[in-house]
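For chain A, the structure is supplied; the task is to place chain B on it using the hints.
Sequence order for the protein chains is A and B. If you're matching positions, the first sequence starts at 1 in full-length UniProt numbering and goes up one per residue. If you're matching positions, the second sequence starts at 1 in full-length UniProt numbering and goes up one per residue.
The set of hints was computed from the structure by calculation and includes no laboratory data. Think of the CB as a built atom: it goes at the ideal place given N, C-alpha and C, for glycine as much as any other residue. One thing to keep in mind: the hints can contain errors.
[Stated by the list, open to error] Here are some chain B residues pointing at chain A (derived, C-beta under 10 Å): (1) Lys5; (2) Val17; (3) Leu59; (4) Val100.
Chain residues, written in single-letter form:
Number of protein chains: 2
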Amino acid sequence: MAGFKHLVIVKFKEDVVVEDILKGMQKLVSEIDAVKSFEWGQDIEGEEMLGQGFTHAFLMTFEDKQGYTAFVGHACHVEFSATFSTAIDKIVLLDFPSVVVKAAT
Amino acid sequence: MAGFKHLVIVKFKEDVVVEDILKGMQKLVSEIDAVKSFEWGQDIEGEEMLGQGFTHAFLMTFEDKQGYTAFVGHACHVEFSATFSTAIDKIVLLDFPSVVVKAAT
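With the rest of the complex left out, here is chain A (with noise of 0.2 Å):
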């Protein structure tokens, strides 16, 4: 779906257990109704160059930028971003709405 997308890319500390960090999000996007989507997904390409040392992908779609913001102010959120901005080495985050320009049939 189009809509407006939250894609956070990482690098996890290394003593972080990045299972209990997913247990966390799926908590958080089962708790939010205005999370329409969220996907994830580990690098294995492994191209350190190109990767510059993030790992892990999580993006989230909402049905617009108000879904986006009341995301953002939920008190699950606010919570967790506390917990997840402790298991971070490196971050990248992007918001956006989605332009799509070949869509899956």
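Just chain B now, with coordinates in the frame of chain A:
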């Protein structure tokens, strides 16, 4: 859709006409069947600290890793990549099998 994702986030050089790059990408994904979906966006939050200067995200979806490999080796991709690489100031690539936690309804 789930599938295999090719995520590219970039900061373009200052003199780059992003519209031209996009036209090239549109042509590319229309020429290569292995690309099942393609969407992109320009960050509008402008939280420079967390965007780290990156401004655009491009996300392609393939049916599987084999589809992605076919895309990477496709002559049109090889040709486009040469042009694209001259336009970017910074780039991060992440390639991963997507795990769908919450699906768009």
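Hint check results:
Here the hint on B:Lys5 is kept, as its CB sits about 6 Å from the closest CB of chain A, short of 10 Å. Using the Cβ-Cβ criterion of 10 Å, the hint placing B:Val17 at the interface with chain A is not satisfied: the shortest such distance is roughly 17 Å. For B:Leu59, the shortest C-beta to C-beta distance to chain A is roughly 7 Å, which falls under 10 Å, so the interface hint holds. Look at B:Val100: its Cβ gets to within about 5 Å of chain A, closer than 10 Å, so that hint holds up.
The earlier numbered hint that this structure contradicts is number 2, and it is the only one.
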